[in-house]
Amino acid sequence: MNETWNVAVYLFADDDTSHGVVTGAHAVLTTSTGATLDGWGRAQFSSYDLDVPEVGTELAAARALRQLADRLLQATSDDLEDLEVHEVHLVR
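Our numbering runs 536 ahead of the 1-based position in the sequence shown.
Derived from the structure by calculation, the hints contain no laboratory data. Hints are all accurate, no fakes.
Derived CB-CB ranges, DEER-like:
{"id": "1", "residue 1": "Val543", "residue 2": "Leu619", "range": "21 to 27 Å"}
{"id": "2", "residue 1": "Asp614", "residue 2": "Asn542", "range": "18 to 24 Å"}
{"id": "3", "residue 1": "Leu609", "residue 2": "Met537", "range": "19 to 25 Å"}
{"id": "4", "residue 1": "His622", "residue 2": "Met537", "range": "26 to 32 Å"}
{"id": "5", "residue 1": "Gly556", "residue 2": "Arg607", "range": "27 to 33 Å"}
{"id": "6", "residue 1": "Asp551", "residue 2": "Ala571", "range": "30 to 36 Å"}
{"id": "7", "residue 1": "Phe548", "residue 2": "Ser568", "range": "23 to 29 Å"}
{"id": "8", "residue 1": "Glu590", "residue 2": "Leu619", "range": "38 to 44 Å"}
{"id": "9", "residue 1": "Asp551", "residue 2": "Leu616", "range": "41 to 47 Å"}
Cβ coordinates follow ideal geometry from the N, Cα and C atoms, glycine included.
Based on the provided sequences and hints, a complete structural model is requested.
Structure follows, in structure tokens:
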């Protein structure tokens, strides 16, 4: 069985906040059947931080991907519980 699942990470920034620049990320997994699962992340930097925008981008993307991975593990656990008819705990 060969399948391709795709993950897209959408990045955006908002520098109109009173607390500095907020970088956001939205990670979307699309399976070969068209099912989707997503995760969100953000990073907030103040005007006192060094001006290295890549750090905020990396952190927001990492947090979105982490949330996506956690949601995928939970979905898998839920599916296994339905099949096994007992509680399942997957190691994270």
